[in-house]
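Colleague: Construct the complete structure from the given sequences, taking the supplied hints into account.
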Amino acid sequence: KAGVTQTPRYLIKTRGQQVTLSCSPISGHRSVSWYQQTPGQGLQFLFEYFSETQRNKGNFPGRFSGRQFSNSRSEMNVSTLELGDSALYLCASSPGTEQTQYFGPGTRLLVL
Amino acid sequence: AQSVTQPDIHITVSEGASLELRCNYSYGATPYLFWYVQSPGQGLQLLLKYFSGDTLVQGIKGFEAEFKRSQSSFNLRKPSVHWSDAAEYFCAVGPGTALIFGKGTTLSVSS
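One line per chain: the protein sequences are A and B, in this order. The numbers in the first sequence follow the numbering used here, run straight up by one, and end at 474. The numbers in the second sequence follow the numbering used here, run straight up by one, and end at 193.
A couple of the hints might just be wrong.
[Stated by the list, open to error] With a Cα cut of at most 25 Å, we get these calculated BS3-like pairs of lysine-lysine:
{"#": "1", "chain 1": "B", "residue 1": "143", "chain 2": "A", "residue 2": "363"}
{"#": "2", "chain 1": "B", "residue 1": "131", "chain 2": "B", "residue 2": "185"}
{"#": "3", "chain 1": "B", "residue 1": "143", "chain 2": "B", "residue 2": "185"}
{"#": "4", "chain 1": "A", "residue 1": "419", "chain 2": "B", "residue 2": "143"}
{"#": "5", "chain 1": "B", "residue 1": "150", "chain 2": "B", "residue 2": "131"}
{"#": "6", "chain 1": "B", "residue 1": "143", "chain 2": "B", "residue 2": "131"}
{"#": "7", "chain 1": "B", "residue 1": "150", "chain 2": "B", "residue 2": "185"}
{"#": "8", "chain 1": "B", "residue 1": "131", "chain 2": "A", "residue 2": "363"}
{"#": "9", "chain 1": "B", "residue 1": "185", "chain 2": "A", "residue 2": "419"}
Derived from the structure by calculation, the hints contain no laboratory data.
Modeller: Structure (structure tokens):
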């Protein structure tokens with residue numbers, strides 16, 4: 363079974379721009395979560411989607427948003443990028459909520 | 083507040099020696115506990131998990147962890163470390179999704 367895939371793997375943007383990251387979960391998995399990883403803050407939960415509905419949300423500003431499609435693929439969007447948004451963004455999928463998550467390779471975003 | 087503490091930022095172990103990585107958690111409900119490993123430039127790979135039952139859990143690559151409720155700990159162990167085990171290790175707690183992660187422990191393996 364193919365693992366979680368994320369596109370693109372690397373991205374360079376400038377301050378003020380917006381960016382969209384994509385995540386394709388493991389086949390059959392209906393829950394997709396997003397995490398931000400930075401050297402200073404570590405791994406932080408952004409949000410979780412299950413059956414196209416946001417189920418949980420972390421403590422991030424409204425500039426961070428996401429959605430999930432009927433095929434369980436998910437996108438996250440960051441608007442008005444700031445330098446501090448430079449990070450590795452990890453997507454994880456699981457069969458349902460409250461079950462083990464499997465992570466993708468991440469998208470590394472650099473904001474200049 | 084819910085949190086995970088990994089007291090050791092960096093550990094160096096000789097190849098063939100035993101390993102123990104510490105993890106302490108604070109969580110209001112019955113915790114689901116996880117250990118993940120991350121190699122440079124990679125995502126997170128699940129090593130093992132504890133949901134309930136036997137407090138000693140076995141994982142991949144010869145790792146095991148023991149859940150001790152009285153000590154709020156979930157330490158990771160391996161009897162004999164291989165050079166390929168060098169990576170960053172993360173302990174996490176949560177309901178499965180929406181995990182709270184520790185800051186991680188970087189493991190270096192010396193020959």
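Colleague: Each of the hints needs a verdict: does it hold here or not?
Modeller: Verification of the hints:
no.	hint	result
1	143(B) - 363(A)	20 Å, holds
2	131(B) - 185(B)	18 Å, holds
3	143(B) - 185(B)	22 Å, holds
4	419(A) - 143(B)	33 Å, violated
5	150(B) - 131(B)	14 Å, holds
6	143(B) - 131(B)	14 Å, holds
7	150(B) - 185(B)	20 Å, holds
8	131(B) - 363(A)	21 Å, holds
9	185(B) - 419(A)	20 Å, holds
In this structure, the one hint that does not hold is number 4.
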